Amino acid sequence: MKTMFDEMYAAPAAVRDHYAAYDRWLQRQTDEVMRARRDESEMIFRRVGITFAVYGDKDSGEGTERLIPFDLIPRVIPAAEWREMEKGLRQRVEALNRFIHDVYHGQEIIKAGVVPAEQITRNAQFRPEMIGVDVPGGVYSHIAGIDIVRAANPDGSGTYYVLEDNLRVPSGVSYMLENRKMMMRLFPDLFAGHRVAPVAHYPDLLLETLRSVAPGGVNEPTVVVLTPGMYNSAYFEHAFLAQQMGVELVEGQDLFVKDGFVFMRTTRGPKRVDVIYRRLDDDFLDPLVFRPDSTLGCAGLLSAYRQGNVTLCNAVGTGVADDKSIYPYVPKMIEFYLGQKPILNNVPTYLCRVADDLQYVLDHLGELVVKEVHGAGGYGMLVGPAATKDEIEAFRAQLLANPSNYIAQPTLSLSTCPTYVESGIAPRHIDLRPFVLSGKTVQMVPGGLTRVALKEGSLVVNSSQGGGTKDTWVLES
Amino acid sequence: MLSRTADHLFWMSRYMERSENTARMLDVNYQTSLLPQSTAVAEQGWRGLLSISELTNDYASRYGAVHAREVMDFMVRDERNPSSILCCLRAARENARAVRGALTTEVWETTNQTWLEFNRMLRDDSFERDPAALFEWVKFRSHLSRGVQIGTMLQDEAFRFVRIGTFLERGDNTARLLDVKFHAVESDFYGAADARDQEYDFYHWSAILRSVSGFEVYRKVYRNVIQPEKVAELLILRPDMPRSLAACINEVIANLSQVANDQSGETMRRAGRLMADLQYGSIEEILATGLHAYLTQFLDRIADLGVGISRDFLVAVH
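As given, the protein sequences belong to chains A and B, one line each in that order. Under our numbering, residues 1 to 477 are what the first sequence spells out, in order. Under our numbering, residues 1 to 318 are what the second sequence spells out, in order.
Read the hints as simulated data drawn from the structure, not as lab findings. Note that the coordinates shown come from a computational prediction; the quantities given were computed from them, not determined experimentally. Note that CB positions come from ideal geometry on N, CA and C, so glycine has one too. Some hints here could point you the wrong way.
Looking from chain B toward chain A, a few residues come up when the C-beta cut is under 10 Å (computed) [stated by the list, open to error]:
1) R100
2) N112
3) L116
4) F182
5) S257
6) V259
7) D304
8) G306
9) G308
10) D312
Calculated Cβ distances over 12 Å to all of chain A for the following chain B residues [to be verified]:
11) V66
12) D262
13) F313
Between beta-carbon pairs, the in silico distance windows are [to be verified]:
14) A:K258 - B:Y222: 43 to 51 Å
15) A:G246 - B:V225: 53 to 61 Å
16) B:T152 - A:A192: 38 to 46 Å
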């Protein structure tokens, strides 16, 4: 059995300092109170309609809309830890933005032999349409979600690792905001006794970021949020962010391009759009350039974009940098572009397209986590230690059929956090997704979204696979 | 604002209003059915209700003969009937959800909760146990929606389209109700022969009034016994009667003029003309030309206004 790291307890009876006050409070709560609060939170989430849709479910009415389970026990990060993490996040996202710019311009990093050329040009997310296109401020990933876990070391201490960079359309920030609102509503007394760093100004920072990257010469930019529509799993978030920023929530059918500019159809005629926070993958943006069958985007959008008449956030082609096969090179990017030592750790990663790595992975399938390079949402992965022999063998065949589609990492012993489950309070594995905003400056709110794997022993925190969320506190001591 | 957003808002309030009107008609029929009466008369009431919503054939093809319980089921919770309260509340909620960002939190939560609660009430048999209570509840949720809209929304275009939807739908519904109910007694429209018929008439006309919350209003306005032509006058021409055709068209015009754009001139002119007809019309004149013909024409003009509003504001052209 590997050592475990629990966020709240250093040892079974030893509460960590930053949880001490919370622990005293928790001791005073009866089970009835906690149960009542949990029911209340569920009722409120449903009434407010904070739901997501599960793909593949077919049902009418409320059935397709699920609640993401919300856990009552916060994940607490000491402020000093957060400050270090924040530095690391700034550094990492800055390097990634520099990398994307480089990929579509001089490709210096290839010339220097740091990243192999085929890793970029053969990447399905590489968009040749973006070569030579200059975007405002050289920023590509305006909104980045960096997934971080803490893993136990053999000596019982914990280390943060970046698990994944999400540079395309990371979601979840609305849950971060709603979770905090919910906690303050359910347990106002807790906040009186703790100095929890606020997060509610995120929509302000987001709007500021989006406005700061408007096309040159536009003084009062019109910003919109582009959604695939109300049946998208993250629709709530799209509507929520548009409302919080006070901007229009548009669908592709609301937009059209004329003379190289983008307009939206309004009750008073066409209105020019300058910045589009698009919550839509590249593939669906413009049927003239990408998927011709897409009805979610807007014909001519890419042409207007390439002419610099509209800004897309995030930029087209950022996927080239958040691929699981590019991930291992991020520390080297930081050194290459910034001349700095990486602050945040990467998880050691085996690239199955490399023969030696593949052999190692095949020999150790039972110990490793194997992921699809382009997979998301916890689908198409093998968690070795949790898999049956048959599952491992089935996966081995899949892996051998297309090795370059996979990477593997050692199974980290993800940290746990006490979680309120049916049987009472029990440890469950968690991760963290901070959101990094890059415009004229890099900004973020303290913390991020903590996801929790509600099944005992499970490491999969995705909401589509039975994960829940927690409020995340960055706490000044 | 976005044309699509305006369209969703317009339909959100139309569907909510429609659910209220359906509940009103069901309620009145249900209450009337509790009075001693012949099967034929009772059946006529339920038939009339189906005919108001133009659902006579749909109903017949699924249920056959007209029975109170089945008509109520059909109109309350039949998924296949797009005019059922279930379908209206779902459509209202889906439209609201599509533009929840353009609504205040209170408006959205009210609409969402109405939908969730309604489903719960269908599940736990509240409807079977006490249909009248359910109808009352639907009416009050609709009152609440309107109140929350008025009490929390900025009076911008979004609010105007919500209001236009409400009153266009209400005008349409009141006209249909009048048409069907007057049709039912066309043969002995003027005055009743004997005491039994008189009694029947009283319940017939007072039921119409009650279905539009107009019974007490009628007494207050006319201080007289219930007379069909006065009922018609109240529900068509009285601008101070909140569910009358005149009141509805006045509201449509007032809100329409707030959102006027370059292409809405013709729609505005037609709406104004309709208002003028109501403003300067008299009940004698209307009855002389025939109420049915008058109401049929009114419904056509309402539909025409709906088309005009869609074209001018909701379905945007390049």
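For G246 of chain A and V225 of chain B, compare the CB-CB distance with the range 53 to 61 Å and indicate the outcome. holds, 57 Å
Interface exclusion of F313 of chain B relative to chain A, criterion Cβ beyond 12 Å: violated, 5 Å
Classify the hint on R100 of chain B as holds or violated, based on whether any CB of chain A lies nearer than 10 Å to its CB. holds, 5 Å
Agreement of hint L116 of chain B with chain A interface, Cβ distance less than 10 Å: Since the shortest Cβ distance to chain A is 6 Å, the answer is holds.
Does G306 of chain B pass the interface hint, meaning its C-beta sits closer than 10 Å to a C-beta of chain A? violated, 16 Å
Hold the hint about N112 of chain B up to the distance rule: shortest CB distance to chain A must be less than 10 Å. Cβ of N112 of chain B sits 5 Å from chain A, so the hint holds.
Classify the hint on D312 of chain B as holds or violated, based on whether any CB of chain A lies nearer than 10 Å to its CB. Holds, because the Cβ-Cβ distance from D312 of chain B to chain A comes to roughly 8 Å (cut-off 10 Å).
Against the range 38 to 46 Å, how does the distance between the Cβ atoms of T152 of chain B and A192 of chain A compare: consistent or not? For T152 of chain B and A192 of chain A the Cβ distance comes to about 29 Å; the hint is violated.
Have a go at the D304 of chain B hint: is there a Cβ in chain A nearer than 10 Å to its own Cβ? violated, 20 Å
Consistency of the no-contact label for D262 of chain B, given chain A and a CB cut of 12 Å: Label violated. Min Cβ-Cβ 7 Å, cutoff 12 Å.
Interface-negative label, V66 of chain B against chain A, beta-carbon threshold 12 Å: Check passes; 28 Å lies beyond 12 Å.
Do the beta carbons of K258 of chain A and Y222 of chain B sit within 43 to 51 Å of each other? Violated, at about 59 Å.
Consistency note: the structure conflicts with the earlier hints numbered 4, 5, 7, 8, 9, 12, 13, 14 and 16.
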